[in-house]
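Number of protein chains: 2
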Amino acid sequence: MRDNPYYSQANHGPFETYRLGSFSLEEGGSIPDCDLAYATFGQLNKSKSNAILVLTWYGGTSKIMEQAYIGQGRALDPEKYFIICVNQIGNGLSSSPHNHPCSSADSDFPKVRIGDDVVAQHRLLTQHFELENLALVVVGSMGAQQTYEWAVRYPEMVKRAAAIAGTAQNTDHDFLFTASLVDAITSDPKWRDGKYESHLDVVAGLKRHAGIWAVMGLSTEFYQTQAWRDMGLDSVEQFQTEFLEATFTEMDPNNLLCMAWKWQRGDVARHTAGDLAGALARISAKTFVMPIDEDMFFPPRDCVREQELINDSEIRVLNSVCGHVALFGTEPQFLSQVDENLRELLECDV
Amino acid sequence: MRDNPYYSQANHGPFETYRLGSFSLEEGGSIPDCDLAYATFGQLNKSKSNAILVLTWYGGTSKIMEQAYIGQGRALDPEKYFIICVNQIGNGLSSSPHNHPCSSADSDFPKVRIGDDVVAQHRLLTQHFELENLALVVVGSMGAQQTYEWAVRYPEMVKRAAAIAGTAQNTDHDFLFTASLVDAITSDPKWRDGKYESHLDVVAGLKRHAGIWAVMGLSTEFYQTQAWRDMGLDSVEQFQTEFLEATFTEMDPNNLLCMAWKWQRGDVARHTAGDLAGALARISAKTFVMPIDEDMFFPPRDCVREQELINDSEIRVLNSVCGHVALFGTEPQFLSQVDENLRELLECDV
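Residue numbers (our numbering), protein chains in the order written: chain A, 1 to 350; chain B, 1 to 350.
Take these hints with a grain of salt, some might be off.
To be verified - Listed next, the in silico DSSO-like pairs over lysine-lysine satisfying Cα-Cα at most 30 Å (straight line):
| no. | chain 1 | residue 1 | chain 2 | residue 2 |
| --- | --- | --- | --- | --- |
| 1 | B | Lys-195 | A | Lys-190 |
| 2 | A | Lys-195 | B | Lys-190 |
| 3 | A | Lys-190 | B | Lys-207 |
| 4 | B | Lys-80 | A | Lys-195 |
| 5 | A | Lys-207 | B | Lys-195 |
| 6 | B | Lys-63 | A | Lys-207 |
What the hints contain is simulated information worked out from the structure, not anything from laboratory work. All values derive from a computational prediction rather than experimental measurement.
All chains, please: the whole structure from these sequences, using the hints.
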């Protein structure tokens with residue numbers, strides 16, 4: 001365990017914790033005393049028909065989901081919906097390498113898969129909240145991986161799904177991109193095979209990791225149009241240091257590696273012996289597939305290929321020069337597009 | 001100086017060497033006993049009107065230019081043209097960190113700019129070959145940077161220019177991409193601030209460098225369509241190890257860093273106090289701007305912006321799922337497109 005104030009209630013709360021107990025994993029082994037951190041917004045109605053599940057992306061927590069996507073007057077409106085945002089295992093709020101007693105090094109924390117997260121979330125939603133269905137499962141990137149996993153694994157429970165900027169089956173290109181992120185951290189001699197004292201020891205690796213995000217996370221047009229000015233920044237260097245490096249150097253390296261391993265292997269076709277079409281055909285949710293036009297690693301065409309295999313689905317391409325990082329929600333015009341689509345999806349009869 | 005058989009005449013020859021003597025640099029200082037390595041193909045005609053200058057890209061030498069682009073029946077046909085392929089400074093054949101007596105570490109070899117290369121090449125062409133004009137200056141990537149520099153610096157000499165997959169003014173995004181390549185090498189503790197004994201000491205850094213090329217050098221569609229099969233490879237892992245890692249781990253890390261520094265700072269607007277339009281307006285060559293549709297770091301739109309500032313120019317977009325690495329010439333259909341455009345350009349009256 002390592003102290004890291006970044007993951008505190010002060011920074012990311014209020015959040016609750018649900019204790020799963022010993023939680024068995026797809027790769028074998030288990031996480032003893034596995035906790036899921038979650039935050040809720042709004043009230044469950046009597047018919048329990050207004051629950052929305054919001055997931056988290058690589059490095060994200062329930063806090064940024066709240067800040068960027070949830071609010072009165074938004075599509076995800078706590079006045080209308082009971083919104084449960086569950087933090088993925090490894091993200092630093094739920095059980096993670098940095099906060100778990102079993103873990104003193106990267107190799108100590110077991111390998112976790114997207115499917116494990118979804119099973120854990122299902123237990124929270126059905127056993128703790130006693131939900132029988134979800135009006136919507138949503139969010140981007142690794143959150144989209146979890147959304148697809150939900151829709152394939154528990155089709156009877158997921159009424160609607162919105163997969164933003166992510167895929168149901170991770171691509172080879174995406175695997176290599178994530179490998180370069182992993183390499184940036186693990187090549188830092190101060191990472192010490194995961195046995196560093198403090199995340200700050202690995203600051204050089206975390207900065208290189210941020211440097212690769214600068215290349216792949218935005219778009220060439222983001223830089224060409226100097227769109228960092230819209231974030232109130234004065235230079236590309238400032239964008240790099242005060243936005244990307246500042247974001248990632250607060251995080252725990254082993255937490256990032258836990259999530260990266262999961263991201264690389266996201267694949268709903270694990271349910272169907274590798275048959276992606278067969279897996280996606282299981283989805284009964286009304287599904288909006290929402291790639292971002294400038295996304296450099298979840299490009300629309302890769303998302304369209306999957307959308308075409310989902311029965312009741314539509315493609316809705318979002319526009320942003322911020323590329324994948326548009327998910328952070330710094331552009332009002334991006335969030336408007338998300339909201340417009342989610343409102344329409346939520347109004348669909350299912 | 002370090003022994004590295006990769007850069008031998010056996011691998012990259014036959015090539016000749018032109019001794020520039022002490023060569024002064026834009027950044028100050030000079031390279032003592034600076035050599036330019038070059039290879040020629042075909043014969044100069046009596047009117048000296050059939051000379052074509054072929055340049056080199058990051059990590060490339062005159063050998064791959066010959067193999068991929070020069071040959072009987074090709075656009076660059078030695079039966080018709082006198083083709084001079086000049087190796088850029090730092091590429092391992094011309095004076096470079098690894099082969100220069102002044103250099104025992106990265107910091108010993110001076111910083112070289114694209115402009116320095118072009119001045120050195122101009123001296124070779126005018127003093128040694130006594131050329132007064134060039135029917136064409138061509139090739140891709142850093143070769144395109146040099147092509148633009150030629151056309152801006154010596155407009156009276158360059159009749160035609162073909163800038164393939166490169167820009168006249170390097171973009172911020174491209175700078176960050178190259179920075180991630182630099183980081184991959186310099187973060188290797190065995191790089192030792194450039195004071196390694198053998199390039200093989202830095203194999204881990206060179207492999208990470210290859211890993212970033214795997215992400216940015218091809219395209220998402222390359223992986224989606226498993227286009228590595230067309231290279232005779234059986235898996236993406238084999239593509240990674242036997243193509244990309246095999247290519248880059250033979251090279252000298254300090255040579256790559258010398259070229260990367262140059263690449264990051266390529267900018268014809270240095271001639272016009274930052275006025276890109278003013279610099280490109282100096283070009284009198286008939287110019288074909290030839291980006292590759294799937295190029296992830298020299299995307300067509302960045303190239304079009306520059307093309308629109310060049311008087312007698314046309315945009316010719318090349319198609320390849322190989323993205324930037326299409327330049328290597330592994331696809332006959334890509335080389336056909338290049339040849340078709342170069343033939344048309346060479347037939348233009350100027």
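Q. Which numbered hints are broken by the structure, listed smallest first?
A. 4, 6
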